[in-house]
Amino acid sequence: MDSSVLFGIATIGYMLSMVAYITYLVFRKGQIGVVATGITVASFVAQTAAFLMRWVEGYEMGLRSFWRPPISNLYESLIFFVWCLILGYLIIEFKYRNRSFGAFITPVAGLALAFIEMTGMSKEIQPLMPALQSNWLLAHVTMSFIAYAAFGLSFGTALMYLIEKTEKRSEPAYIFWTVSLGALIVLFAAMGLDFIKYHVLATNSEVIKSYLFRATFKSASAAVSLASWIGSVVIIALVWRYGYLLKRIVAAFSITTDLLDELTYKTIAVGFPIFTLGGLIFGAIWADQAWGVYWSWDPKETWSLITWFVYAFYLHARLMRGWKGRKVAVVAVVGFVTVVFTYLGVNLLLSGLHSYGTLG
Amino acid sequence: MTERKKSFIDRIWDLFASIKLAAVLFLLIALSSIVGTVIEQGGEPEKNMMLLKRLFGDSLAPSAYRFFETLGFMDMYRSWWFVALLALFSANLIICSLDRLPRIWRLVREPLKPLTPLMAGTVPIRKNVHLKGAPEAVREKLVRALKSLGFRAHDSAMEEGGYQLYSQKGRYSRFGVYLTHLSIIVIMLGAVVGIFFGFKGYLPIQEGYASDIAYAGDDTEHKLGFTIRCDDFDVEFYDMSDMPKVYRSRLTVIRDGKEVLKKVVEVNSPLRYGGYTFYQSNYGMVPDAQGYFILKIRGSSGKAVTVNRMLGESFVIPGTEIVGTIKDFSPALAMDNSGKTFTYSDMMNNPAVYIDFSEGGKEKYAGWILRRFPATWRLPDGYMVEFVDYWGVQYTGLQVRKDPGVWLVYLGSGIMTLGLYIAFFMSHRRIWILVRREGTFSEVTVLATASKNRPSFERKIERFIAGLSGGADG
Ligand code: HEM
Numbered sequence: 001m002d003s004s005v006l007f008g009i010a011t012i013g014y015m016l017s018m019v020a021y022i023t024y025l026v027f028r029k030g031q032i033g034v035v036a037t038g039i040t041v042a043s044f045v046a047q048t049a050a051f052l053m054r055w056v057e058g059y060e061m062g063l064r065s066f067w068r069p070p071i072s073n074l075y076e077s078l079i080f081f082v083w084c085l086i087l088g089y090l091i092i093e094f095k096y097r098n099r100s101f102g103a104f105i106t107p108v109a110g111l112a113l114a115f116i117e118m119t120g121m122s123k124e125i126q127p128l129m130p131a132l133q134s135n136w137l138l139a140h141v142t143m144s145f146i147a148y149a150a151f152g153l154s155f156g157t158a159l160m161y162l163i164e165k166t167e168k169r170s171e172p173a174y175i176f177w178t179v180s181l182g183a184l185i186v187l188f189a190a191m192g193l194d195f196i197k198y199h200v201l202a203t204n205s206e207v208i209k210s211y212l213f214r215a216t217f218k219s220a221s222a223a224v225s226l227a228s229w230i231g232s233v234v235i236i237a238l239v240w241r242y243g244y245l246l247k248r249i250v251a252a253f254s255i256t257t258d259l260l261d262e263l264t265y266k267t268i269a270v271g272f273p274i275f276t277l278g279g280l281i282f283g284a285i286w287a288d289q290a291w292g293v294y295w296s297w298d299p300k301e302t303w304s305l306i307t308w309f310v311y312a313f314y315l316h317a318r319l320m321r322g323w324k325g326r327k328v329a330v331v332a333v334v335g336f337v338t339v340v341f342t343y344l345g346v347n348l349l350l351s352g353l354h355s356y357g358t359l360g
Numbered sequence: 361m362t363e364r365k366k367s368f369i370d371r372i373w374d375l376f377a378s379i380k381l382a383a384v385l386f387l388l389i390a391l392s393s394i395v396g397t398v399i400e401q402g403g404e405p406e407k408n409m410m411l412l413k414r415l416f417g418d419s420l421a422p423s424a425y426r427f428f429e430t431l432g433f434m435d436m437y438r439s440w441w442f443v444a445l446l447a448l449f450s451a452n453l454i455i456c457s458l459d460r461l462p463r464i465w466r467l468v469r470e471p472l473k474p475l476t477p478l479m480a481g482t483v484p485i486r487k488n489v490h491l492k493g494a495p496e497a498v499r500e501k502l503v504r505a506l507k508s509l510g511f512r513a514h515d516s517a518m519e520e521g522g523y524q525l526y527s528q529k530g531r532y533s534r535f536g537v538y539l540t541h542l543s544i545i546v547i548m549l550g551a552v553v554g555i556f557f558g559f560k561g562y563l564p565i566q567e568g569y570a571s572d573i574a575y576a577g578d579d580t581e582h583k584l585g586f587t588i589r590c591d592d593f594d595v596e597f598y599d600m601s602d603m604p605k606v607y608r609s610r611l612t613v614i615r616d617g618k619e620v621l622k623k624v625v626e627v628n629s630p631l632r633y634g635g636y637t638f639y640q641s642n643y644g645m646v647p648d649a650q651g652y653f654i655l656k657i658r659g660s661s662g663k664a665v666t667v668n669r670m671l672g673e674s675f676v677i678p679g680t681e682i683v684g685t686i687k688d689f690s691p692a693l694a695m696d697n698s699g700k701t702f703t704y705s706d707m708m709n710n711p712a713v714y715i716d717f718s719e720g721g722k723e724k725y726a727g728w729i730l731r732r733f734p735a736t737w738r739l740p741d742g743y744m745v746e747f748v749d750y751w752g753v754q755y756t757g758l759q760v761r762k763d764p765g766v767w768l769v770y771l772g773s774g775i776m777t778l779g780l781y782i783a784f785f786m787s788h789r790r791i792w793i794l795v796r797r798e799g800t801f802s803e804v805t806v807l808a809t810a811s812k813n814r815p816s817f818e819r820k821i822e823r824f825i826a827g828l829s830g831g832a833d834g
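Protein sequence lines correspond, in order, to chains V and H.
Take 1 as the starting number for the first sequence in our numbering and just add one per residue.
Take 361 as the starting number for the second sequence in our numbering and just add one per residue.
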């Protein structure tokens with residue numbers, strides 16, 4: 001068995017645990033919760049083993065030195081992100097003895113994994129280009145992803161906070177979270193359709209590298225594409241219309257909004273220093289060593305700075321009168337959206353000199 | 361100073377001391393930066409025009425272009441208004457910190473006072489426990505317990521025969537935030553020093569040549585004050601692929617005619633000398649250059665000798681009569697399906713040399729010797745001709761930088777790391793223990809505050825109390 005098989009098992013496991021946590025949230029049956037935790041822990045163990053195996057494989061193939069963990073291309077870094085996120089989640093679950101967070105955090109991992117599958121990015125162990133052979137870069141990437149995972153956790157708890165705190169449909173914070181959640185569901189549904197069309201039905205025999213949104217928004221047929229957009233609006237409108245029902249579900253788990261606010265702050269308080277040191281400072285040192293400029297305003301760097309500013313905004317907004325509570329939770333959610341854009345949007349939509357991270 | 365109408369200066373000060381302004385500036389900088397990542401900075405006008413056409417349609421694009429250009433969005437991070445935003449931001453940061461520092465300073469410097477009943481109402485953590493024994497009898501125990509929490513106790517007497525123990529720790533952690541803010545100013549200062557006193561340039565050197573000038577972005581010459589010589593440039597590849605593994609320049613620094621430093625420069629491993637840093641940036645072949653083939657030859661004696669020859673020249677395999685003549689060269693030799701050779705790149709991806717061997721004027725054998733394929737070095741007779749290098753035909757492209765501000769940037773980064781660590785992971789904790797007689801018992805009230813992470817301090821105090829009473833009534 002090689003690492004890719006184990007990674008595959010872990011991926012399926014995480015998808016199942018996501019379903020299990022959501023089921024648990026809806027039906028509130030203790031056994032389902034135990035099963036969800038069991039699947040998550042088992043998948044986490046599988047992923048950890050796979051990670052170690054891939055490390056050794058890279059070394060044995062002569063492509064990496066032994067001191068280089070497999071965190072060096074888009075695929076490996078996303079996998080590492082999922083690993084950190086699940087680890088952080090499990091710590092929270094055990095520390096606070098509450099499983100309801102799972103339904104909000106495992107989908108973030110699920111989205112990352114679905115994205116990997118749908119874009120068909122290379123999973124090969126690749127040799128490192130000269131610019132990437134740097135310990136600063138290694139520290140930079142590793143710490144960035146630990147921070148991203150912490151921000152992912154704060155995204156989940158901030159979303160729960162907003163769900164518990166709002167119910168009036170005209171309230172901006174309510175509109176914000178229902179639209180965000182709706183968009184998340186749309187993304188998932190679109191990737192699910194891609195999966196069904198190209199993997200299960202496999203109607204298309206031609207080889208396409210990236211399936212992402214081919215079955216929906218980017219369909220060759222204009223009608224399908226239009227229907228997808230209309231469908232998305234309908235889904236988001238439905239979430240907006242019935243979103244308040246979620247409040248009752250979440251409230252049943254007796255997590256106070258104070259705890260959610262504290263958790264959001266705590267995860268950001270861990271993520272922010274790590275991101276500052278690893279993401280910005282180590283990134284700058286690496287750029288300085290490799291290119292002779294510690295800061296060049298290229299899109300990736302600039303988006304990291306934007307992310308940093310959004311979280312700095314979050315930290316300071318908590319100190320401002322009238323901002324505590326809902327508004328800062330909105331900022332925490334926006335913060336994670338900028339994280340995702342920094343990581344994926346810049347590579348997919350904007351170009352930059354970071355060759356590291358292209359879809360290859 | 362009592363009730364005085366605020367002067368204009370005061371109002372400016374208050375504006376710059378407010379977090380609200382900070383929030384607005386955070387947003388403005390973030391939003392404008394987004395625009396800067398969409399429009400290519402310093403890019404070709406046609407490219408940005410295409411982008412705008414896609415965003416605004418063909419008819420609006422030219423006016424949109426003029427709009428963005430007038431506002432400096434094509435080179436936004438150097439535009440006057442973006443720099444002004446950063447300046448406002450710095451002013452905000454400095455004034456905000458100065459405004460609050462005196463209060464924080466007093467808070468930190470003032471010794472902790474016993475709690476008055478009035479203040480006690482505002483303390484967030486409050487726990488009660490009854491202990492057996494008179495107040496004086498439990499004192500020893502309380503002091504010991506406080507010590508195990510890491511506090512050194514001070515105490516004061518109260519009226520009704522009781523007393524108060526109080527202590528604090530980590531008060532200097534209140535400065536963590538200010539260190540963080542200071543570090544941002546230090547980093548910006550470093551950037552400014554770099555912009556005004558630094559140099560950024562470029563220096564291509566052919567193998568075997570030397571230069572004492574670098575070129576700035578606009579091709580003006582810049583005297584270095586010393587000479588850099590390129591002794592060799594080389595690319596190493598992963599196994600049998602064209603995936604580069606290492607770019608390597610062997611450089612020598614010459615000052616006043618003397619060699620003062622030798623260094624192998626690779627990506628991520630630059631040469632630093634005389635305030636300048638030289639980075640491996642790119643490389644290439646010098647057109648029409650005549651170089652030397654460096655060959656390592658092992659003849660009948662088994663000992664290897666190294667020879668340098670130019671194209672067309674000959675050498676003798678030591679201990680034999682065999683003469684090799686260099687006939688042809690390919691920087692990147694490949695073979696097609698029919699076995700015909702061709703050159704697939706004009707870079708030295710797979711250098712190969714074609715050598716004719718003859719003995720006493722009679723043709724013996726001839727063929728390609730490839731640098732990356734040791735199997736081709738062995739001749740049919742068992743002699744070896746290793747193709748070491750075709751030297752003198754490549755140049756190394758070095759990026760040259762002098763940045764007298766970079767140490768400030770690194771210093772600021774260090775301060776920022778320290779400041780953030782203190783700000784987020786350390787806490788100013790204060791504790792007061794009020795002890796009062798109640799019959800044969802002592803009523804112990806523990807009050808506490810923490811500047812950070814209060815729940816965890818609260819849990820600690822709960823454990824503290826449980827330890828005192830040994831799980832007795834609380
Ligand atoms: C990107 C720039 C900035 C960074 C990274 C930064 C960082 C921080 C951090 C980490 C904290 C501690 C927050 C917490 O403990 O939750 C903080 C607090 C604070 N910041 Fe900033 N800050 C920045 C800019 C500013 C600016 C421009 C102002 C100007 C008004 C400001 C005013 C404050 C104040 C008043 C506090 C609270 C201090 C206290 O609790 O005693 N910050 N800042």
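Be careful, since some hints might not be right.
As the list claims (entries may be wrong) - Counterexamples of contact, computed for chain H against chain V with all Cβ distances above 12 Å:
no., residue
1, LYS380
2, PRO471
3, ASP579
4, MET603
5, ARG658
6, SER660
7, ARG732
8, ALA735
9, LEU758
10, THR777
11, ARG814
12, ALA826
Unchecked claim - Derived DSS-like pairs: lysine-lysine, alpha-carbon spacing no greater than 27 Å straight-line:
no., chain 1, residue 1, chain 2, residue 2
13, H, LYS656, V, LYS165
14, H, LYS380, V, LYS266
15, H, LYS407, V, LYS218
16, H, LYS529, V, LYS266
17, H, LYS380, V, LYS165
18, V, LYS327, H, LYS812
19, H, LYS380, V, LYS324
20, H, LYS812, V, LYS95
21, H, LYS622, H, LYS656
22, H, LYS820, V, LYS266
23, H, LYS366, V, LYS327
These aren't lab readings, by the way, just hints derived from the structure by calculation.
We put the CB at the ideal spot given by N, CA and C, even for glycine.
request  = Check each numbered hint from earlier against the structure, then list the numbers of those it violates in ascending order.
outcome  = Hints 1, 4, 9, 10, 11, 13, 23 not satisfied by this model.
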